[in-house]
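Next come the chains, spelled out residue by residue.
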Amino acid sequence: MAGITGKDAALTAYADALAAQAPKGRSLTQDALRRLFNNKAALLSIFVLTAIVLFAYIGPYLLPWAYDKIDWAGIRKPPDWAKGHYFGTDQNGRDMLARTLQGTQMSLLVAAVATGVSVVIGIIYGAIAGYFGGRIDAVMMRFVDIMYALPYILFVIILVVIFGRSPVLLFVGIGCLEWLTMARIVRGQTLSIKQREFIEAAKAGGARPFTIIFRHIVPNLTGPVVIYATLTIPEIIITESFLSYLGLGVQEPQTSLGTLISFGAPVAEALPWMLYTPAAILVTMLLCFSYLGDGLRDALDPKDR
Amino acid sequence: MLDRTEDLLRIENLSKSFSISAGLFAKPLQLRALQDINFTVKRGETLGIVGESGCGKSTLGRCILQLLTPDEGRVLWLGQDISKLPAEEMRKKRRDLQIIFQDPLASLNPRMTVGEIIADPLRTLMPEIDARGRRERVLKTMEAVGLLPEMINRYPHEFSGGQAQRIGIARALISEPKLIVCDEPVSALDVSIQAQILNLLSDLKDQFGLTLIFISHNLSVVRHVSDRILVLYLGRVVELADGDDIYGDPRHPYTRALLTAVPIPDPKRARQRTIDGLVGEIPSPINQPSGCTFRTRCRYAQLRCAEVRPPLENLPGERLVACIRWQELDLKPGA
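Here the protein sequences line up with chains B and U, keeping their order. Each residue of the first sequence is one higher than the one before, counting from 4 in our numbering. Each residue of the second sequence is one higher than the one before, counting from 3 in our numbering.
Chain B on its own, in the form it takes in the complex (with noise of 0.2 Å):
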């Protein structure tokens, strides 16, 4: 009957040419974003740390004086800027503010790696021990216990010798051994995550016990992933700074945050400025670190659905 009006025609054409313009659904990450941006003190850390970001790495380009170029004239000197030391000297007479960026982007690098390698590990490894669970889970759990329970600077020891002075590969091995408590996170999310009807739904669909996991279980353990991410970076940046006190991390001519205020904590007094660069970009960082994880918490908190 349809055929004879040519009605049919016409509406399929019409149901078409909806479907073509489907309008984009709002998906709970752009929700989540939206959120996130709301939150002022959140916004204005991404502002800030998108700042120091870009000065850490564009900076050096602007400056007269290069991180590792001694100024023979101008050492141990305050900030003088006739002179393009805007930051003052050290003892060896580099100039403050080249080694901080420098320094600032050293760190920052090896926060990126180790916490995208231990996100990584964190995911694939806890996620496979929740979905399976039974024995598969107590082995590999049991596993990260004994990791926990082993004294971590003994590790960093051993990767120092076999990675030697390369701080990039030093800290994706700091990555394999932060990944523990992401797998823990990970594991718990998976185990709540499993029980959802959505997953039954999947196995009914005949989807293979992979193929559930990385489709329909890590895309919903986002929220927890990122919060915990953000406050990993500040994590390694203050182990970064822990191992360089000790001599472990980055290596002369090279710098780190961390380094430079060992180097400046003692002299504090009589150099203050050695001190005040590297701390307050570390400060600042930190707390922008942290800011940013409080909002995006708070964005992608399953309860404010």
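Hint data in this document are derived by calculation from the structure and do not stem from the laboratory. Wrong hints could be hidden among the right ones.
Below, simulated EDC-like cross-link-like pairs (lysine to aspartate or glutamate); rule was C-alpha separation at most 16 Å, straight line [claimed, not checked]: (1) U/180 to U/208; (2) U/180 to U/47; (3) U/142 to B/11; (4) U/95 to U/178; (5) B/27 to U/152; (6) B/206 to U/98; (7) U/180 to U/205; (8) B/206 to U/152; (9) U/142 to B/200; (10) B/27 to U/98; (11) B/206 to U/90; (12) B/27 to U/160; (13) U/44 to U/90.
Since chain B is already given, all that's left is putting chain U on it; use the hints.
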């Protein structure tokens, strides 16, 4: 025309228990969720499964689909036992066996769009279809369940319960299954939406030649859709009969008790009704009564009910009942 006499699904002696940890050193308790279930589902019919909360309705549905593995017994799909199939073989069968869930929103992945959710079974069950073909089928199925094509890129949280359930139905339909287990598909919905979804299900059943297993605790809903009705109590079949027989001439005291618990929308008639509702709580499935499991709440129970477990007896007219007194009792409504 469908051959309505062919057995599509046959359940034989199905049992399922769950172990419950009773502490570190204690022996785990056995929760017997289903015991010795036998029934058949014919092609093209709708079998209703009713019972109180916790009687094993949903467990039965999941055992049929092999989402739970039965401890004992066989699940014969077109004559083949699917309960012992290797995972890869079972995956091929899933094209024919689908499920609709109770909580429509919880059954949809919140991070996927409607189009992705509906297409998901196609990706695994029919990998030969390309992305373009999938989209076409998704749009066709969305139309069949009454969803507008423009909703394809939206996310589940943007939908109401009724619409979300339509998405769940579309996902179940897309692989063109033969049997759909509906696990309380309307219990979480408003009454007005319930009717829409029930009508949709019966339309789809005719349109696609589906066979439905309809699980619900709501007798009015089950009566509306079912050809035959299976009554479960504490994981056992107590009565199985045609819908009209169950409602007009119940033979098991439990069935009768359930019927008298159905609310009557007319207060005058409701006042006239004799109430012989159930007393007490459903016994624990961990520690079940001896003999007939219903005897603790049955107003017709006698001493001998505690001694023997009533067998499921064949009555004339292809009905089954598990009560040793079925011949003596007159349980017709109003009697």
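Outcome of the hint check:
1. U/180 to U/208: Cα-Cα ~12 Å, so holds.
2. U/180 to U/47: Status holds; Cα separation ~11 Å.
3. U/142 to B/11: This hinted pair holds, its Cα atoms lying about 14 Å apart.
4. U/95 to U/178: With Cα atoms ~12 Å apart, residue 95 of chain U and residue 178 of chain U stay inside 16 Å; holds.
5. B/27 to U/152: Distance of about 9 Å is within 16 Å: holds.
6. B/206 to U/98: At roughly 14 Å apart (the allowed maximum being 16 Å), residue 98 of chain U and residue 206 of chain B satisfy the hint.
7. U/180 to U/205: Holds, at about 15 Å.
8. B/206 to U/152: Answer violated: residue 206 of chain B to residue 152 of chain U is near 28 Å, above 16 Å.
9. U/142 to B/200: 25 Å, violated
10. B/27 to U/98: Given pair residue 27 of chain B, residue 98 of chain U is violated - Cα atoms ~32 Å apart, limit 16 Å.
11. B/206 to U/90: The hint holds at about 12 Å.
12. B/27 to U/160: Holds, at roughly 11 Å.
13. U/44 to U/90: Between residue 44 of chain U and residue 90 of chain U the Cα gap is close to 26 Å, so the pair fails against 16 Å, i.e. violated.
When held up to the earlier numbered hints, the structure conflicts with 8, 9, 10, 13 and fits the remainder.
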